[in-house]
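**Q** Protein chains in written order, with the numbering used here: chain A, 1 to 409; chain B, 1 to 266.
Keep in mind the hints are simulated off the structure, nothing from the lab. All C-beta atoms, glycine included, are put in the ideal place defined by N, C-alpha and C. Certain hints may be false.
Examples of chain A residues toward chain B, derived with CB under 10 Å [said to hold, decoys possible]:
hint : residue
1    : LEU32
2    : ASP159
3    : ARG162
4    : LYS238
5    : LEU302
6    : GLN304
7    : ASN305
8    : GLN309
9    : GLU314
Computed list of lysine-lysine pairs in DSS-like fashion (alpha-carbon distance at most 30 Å, straight line) [stated by the list, open to error]:
hint : chain 1 : residue 1 : chain 2 : residue 2
10   : B       : LYS119    : A       : LYS22
11   : B       : LYS137    : A       : LYS116
12   : A       : LYS22     : B       : LYS238
13   : B       : LYS202    : A       : LYS34
14   : B       : LYS226    : A       : LYS115
15   : B       : LYS137    : A       : LYS291
16   : B       : LYS93     : B       : LYS39
17   : B       : LYS188    : A       : LYS34
18   : B       : LYS113    : A       : LYS22
19   : A       : LYS44     : B       : LYS164
20   : B       : LYS226    : B       : LYS238
21   : B       : LYS200    : A       : LYS115
22   : A       : LYS22     : B       : LYS142
23   : B       : LYS31     : B       : LYS164
24   : A       : LYS72     : A       : LYS44
25   : A       : LYS141    : B       : LYS193
26   : B       : LYS39     : A       : LYS34
27   : A       : LYS44     : B       : LYS165
28   : B       : LYS188    : A       : LYS115
29   : A       : LYS34     : B       : LYS168
30   : B       : LYS31     : A       : LYS291
31   : B       : LYS144    : A       : LYS291
Here are some chain A residues the structure puts well away from chain B; computed CB gaps all over 12 Å [to be verified]:
hint : residue
32   : LYS33
33   : LYS163
34   : ASN164
35   : PHE232
36   : THR385
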Amino acid sequence: MKLKKGVPLIDQHDRYGFWGGKFGGSFIPETLKKPVEDLTNEFKKLRKDKKFLKKRDFYFKNYIGTPTSFVKLDNLTNHLGGAQIWAKVVSEANGGAHKIYNATVHALICKAMGKKYIVGDTGAGYAGKMLSMAAKKFGLKCKIFMGAKDIKRQKPNCDAMRKNGAEIVPVYSGSQTLVDAVSECMRYWVSNCDNTHMCVGSTVGPNIFVKICGWSTAQISRELKVQLKSEFKKLPNKIKLINCVGGGSSAYGFWSEFIDYDRKKIELIGVEAGGPKKSKLHAAPLSQNAKIGILHGAASYLCQNSEGQINDTESISAGLDYPGVSPIHCFLKDTKRARYTYATDEDALKAHVMVTKYENLNPSLEPSHAFAEAIRIAPKLSKDTIIIVNSCGDAKKDRDILRERLGKK
Amino acid sequence: MTSLLSKAFQNAKNENRPALLTYTVAGDNTKKKSIEILKSISNYADICELGFPHNTPIADGGQIQTSAYRAIKNGIKINDVFSIAKDFKKSKKNKPIILMGYYNMIFQYNENKFLDKCKKVKVDGLIVVDLPYPENKKFAAKCKKRGVNFIQLVSPTTTSIRLKKIIKDSHDMVYYISMLSTTGGKLKVSPKKILERYSKIKNQNKSKNVVIGFGITEKTIKSLKKADGLVVGSAICKEISDSINKRQNPVTNVTNIVKRLKNKIK
Ligand SMILES: Cc1ncc(COP(=O)(O)O)c(C=O)c1O
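Isolated chain A (complex conformation) (with noise of 0.2 Å):
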């Protein structure tokens, strides 16, 4: 297994679909096929099309406002007095998070193919708050699923996709969270591919899904390629990129662009839920070694039991709370270019109070997960070390759990 240089990781895959021979795919149902090959067609010929590159890179600036920024955090690596820490701050972009990217490629797309429904999962709900304000944007109408547990531990984006006009419909099946959500959301395109589209709300599904969402997020790396370039002078010799991973949209976005640099160059760390300290659930199906197994039409690293049935996970951030994990990332993890990590529950809440204790920045619960390894790691690195952190979420949705948690107001 090998990544090949000067292609994008999204486009590496073979001809049924596969990274790495045994990543991603295809599994759907019989029903899917042509939706999805209709879709597969429509982004071929989109992504090179360079009206529609004029008009997503329109949007991109004009209405989610990137570039976003990169800062680096000066008290958070005076206390810590090792490797400095950066932050880019993704989660200015319009909506809070970088879901934003994703959502408003697949409205255009929805758009595109004369489609005037759109449908999506959400776990943390910045994927379905961001589909629902993409959808009012471009005058689609938008249905958003969500498992009964997210809908409560996260109430401020429920109301974010009410107030947008979409419907939430709440998911009781299962765990009750994003995993359930996809589940639904596939169940409910079966039965209306003919005139809806359907959004993934991450690098995760089948094949298609998970090249539209990383093309999506690339913008990320992008944008921090110009600005390290303009920042540092040149690339420095010692970069870590750590990001947290659910599905891993964000990850991939903050990393396309520099896989193919050499790991001792530019180091890239993932970081999945841990779970809570005490509990044997998480969902971390790259750290933790799970089996190869299949999800949501796609084969991945996957928490699940020998007989192939999908485990509970447990975490305290709804957007990493899924046992499955992108195609790409399992790729990146067999060919060694990325490592991969987890954070607790713990961890993440502790990250957090620090790093708002310190710097002028609210990280979600999500990339709390990757400021916790940042915090764990720095002090033994030295000082010409540039660890940035991808900020991809703002912690306003999680102001219950952490009012909870923390007492916090």
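Starting from the known structure of chain A, arrange chain B with the ligand on it as the hints suggest.
**A** Then chain B with the ligand, alone, in the frame of chain A:
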């Protein structure tokens, strides 16, 4: 050699009616009960489909999900599914049985081991919901090698070119999904339209047995009786749920509904 599946279709044809195919979930609501249900309904059904339950079934609606979750909660494992099939075949050796489920369970069990086991317990056919053509080519060939019918699915969204290829690659039976829906949906396409599409499939190759499934209930079954076979799943799974809720014997109730279904297509 003619397969048991083909024979079952031929028998029905001789009686001038479509074959009746039932779908139940292995282990619903217990291992013992599901064997009893199978044995009892097979007195009226021509072919029995037996689902191996998965906890993330992306193409199934509420009724079959409920049955699957119930069976899993009661501890059903893949090996139990095989032992149910084996037990069934011991007493009903000429009644074809089809296993149906999602690919991850086969993948975890190991493809070859799974198919060897199918052969050993005399499973007649296999439907894998999320392994479509052409990805399923190798798998279908492995089935054939072991004398297990791999059953291809065709849907209203299947294009003509694709349809040709699928039929060419199919074994004795093809499953036509009546409408854009998960299992358990209400029939939202007219029977006339469904039968038109059915004929188009049938005309590709008359020797293939084409069954129609999804949305078939006591209410709708009669309107589709021109087909080679008709599959009823959710209506049966619902009957099991209702029986449990009413504290009645699911075996009797399910048998009665299958009997009524059969009477409607005679
Ligand atoms: C802020 C934030 N970060 C990360 C994630 C995890 O998703 P992904 O790994 O696709 O970036 C989510 C998902 O909802 C999120 O809202």
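**Q** Please name the hints from earlier in the document that this structure breaks, with their numbers sorted from lowest to highest.
**A** As far as the earlier hints go, 2, 3, 4, 9, 11, 12, 14, 23, 24, 26 and 32 are violated by this structure, in ascending order.
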